[in-house]
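Sequences are here, hints too, so could you generate the full structure?
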Amino acid sequence: MRMTLLRALAAALLACHCAGVATAAPAKPIAQRSTTASAAAPVMTTGLDAEARLIHIYQRIGAGQSRQALLLADKLVADYPNFALAQLVHGDLLHAQSHALRAVGDVPEATARAAAPGTLGELREEALQRLKALRERPPVGMVPSQFVRLSERNKHAIAVDASRSRLYLLENSAAGPRVVADYYISVGKLGIEKTIEGDQRTPLGIYFITSSVDRKLLKDFYGAGALPINYPNPYDLRRGKTGGGIWLHGVPAQQFARAPRATDGCVALSNPDLKTLLSAVEIRSTPVVIAPSLQWVSPAQSQGEQRSFDDVWKQWLSAKNSGDITRTLAYYTHDFNSYGKTLQDWGGVLQTEITLNKGRTVAIKDQSVLHWAESAQSATMVVTFSEVRAGNNTGNTKRQYWLRSPTATGGQWKIFFEGTIG
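For my numbering, add 81 to where a residue sits in the sequence shown, where the first one is 1.
Since the hints were derived computationally from the structure, they do not count as laboratory data. Incorrect hints may appear among the rest.
Restricting the straight-line Cα-Cα distance to at most 25 Å, the calculated cross-link-like pairs of lysine to any residue (SDA-like) are [stated by the list, open to error]:
1) Lys270 x Thr291
2) Lys422 x Thr291
3) Lys356 x Ala165
4) Lys356 x Leu285
5) Lys479 x Asn418
6) Lys395 x Ile445
7) Lys395 x Ser459
8) Lys479 x Ser467
9) Lys270 x Gly325
10) Lys297 x Arg365
11) Lys322 x Ser293
12) Lys446 x Ile502
13) Lys422 x Thr488
14) Lys495 x Asp426
15) Lys322 x Gln458
16) Lys479 x Gly421
17) Lys356 x Arg234
Dropping the structure here:
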């Protein structure tokens, strides 16, 4: 059959058992698409839902409904003439009306040669990445393993899975975090694990949104806006990593999406998807995890990491509340650094805080804990919390970076960075 290749590609998607999406009207900014799979998280839609419509086309192809698929593709490319992957699928559907398809993106050789270098291969890779992410859905009720605890101040959290070219938006509530949307994304031209400035790689680790840049202040290259993150974070700096200017941003107006590996190190989303993020995230309190591949665990499993760390953290707090500087500093690494302050300098900071407290205990509010493991032996905890002196309603918001390493800390949890963020 002429449609054999496209049907084989679409069969992977049908394994998701994802129900179709009506295309008569745009979806809500964050809306759930129905699904018959009980073991997989729902496929979410956003904005004008171009990706969902593309997947609907793949579903019709996989079901052998080529005419319906072509009608949907006609409408999609008319609505989104800048959606290159949709144009590719549309072209294949037209080609299959009269010729057997030899490959996905079966264009004449002269046309392929005339295209920008790598374009066809990049579109094929984009199609496979979109399908892979939808085929390998995170289980319902699971969260990325890095989110040990989110506080009430963390209204949302972001997790990027580089292996799937996917960004997951989680909403935090009294019932815990849950995935409410996910989007196709692009990462660095040379992949991930940024080390030095200009290496065209996307950093891996735990970050936070530091600001929001209005699109009016940006070149068209960045699309609907930008959300800078705090790369290099204190852990990156400790390991000698360099560079900066890592953003979550949109794409130029003439594009709907970029290739899976197309940026200089940033994370790029379609403009409709970025607009949803811009309306959801909060500056300084929205965490961003960027991982090679996300591990999804139950909330109980993620809290297991918290229990092993909690005792040490409570001991540090008890030492600080006691006013014993020597005992408190025992929980810090010898090479501790806080914006240039050494461990000795930090002893003076603690002494000043103790004097200001005037014997009043300090209560902890809004604690969040994020976990990053380089290996089974070496890990960090990023703890954000508010310190409120007895009798006060508010206090400073601080962030600590704890390290457990067999070489650097003798296998014990110790603080290598602490600072006030608000």
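Here is what the structure says about each hint:
1. Lys270 x Thr291: holds (24 Å)
2. Lys422 x Thr291: OK: Lys422 and Thr291 at ~22 Å, within 25 Å.
3. Lys356 x Ala165: holds (20 Å)
4. Lys356 x Leu285: holds (24 Å)
5. Lys479 x Asn418: holds (14 Å)
6. Lys395 x Ile445: Since the Cα atoms of Lys395 and Ile445 sit roughly 10 Å apart, the hinted pair holds (cutoff 25 Å).
7. Lys395 x Ser459: Holds: Lys395 and Ser459 sit about 21 Å apart, inside 25 Å.
8. Lys479 x Ser467: This hinted pair holds, its Cα atoms lying about 6 Å apart.
9. Lys270 x Gly325: holds (16 Å)
10. Lys297 x Arg365: Status holds; Cα separation ~22 Å.
11. Lys322 x Ser293: Distance ~24 Å between Lys322 and Ser293 Cα, so the pair holds.
12. Lys446 x Ile502: Holds, at roughly 15 Å.
13. Lys422 x Thr488: Given pair Lys422, Thr488 holds - Cα atoms ~23 Å apart, limit 25 Å.
14. Lys495 x Asp426: holds (17 Å)
15. Lys322 x Gln458: The hint holds at about 21 Å.
16. Lys479 x Gly421: Holds, because 16 Å separates the two Cα atoms, which is no more than 25 Å.
17. Lys356 x Arg234: holds (21 Å)
Checked against the numbered hints given earlier, the structure satisfies every one of them.
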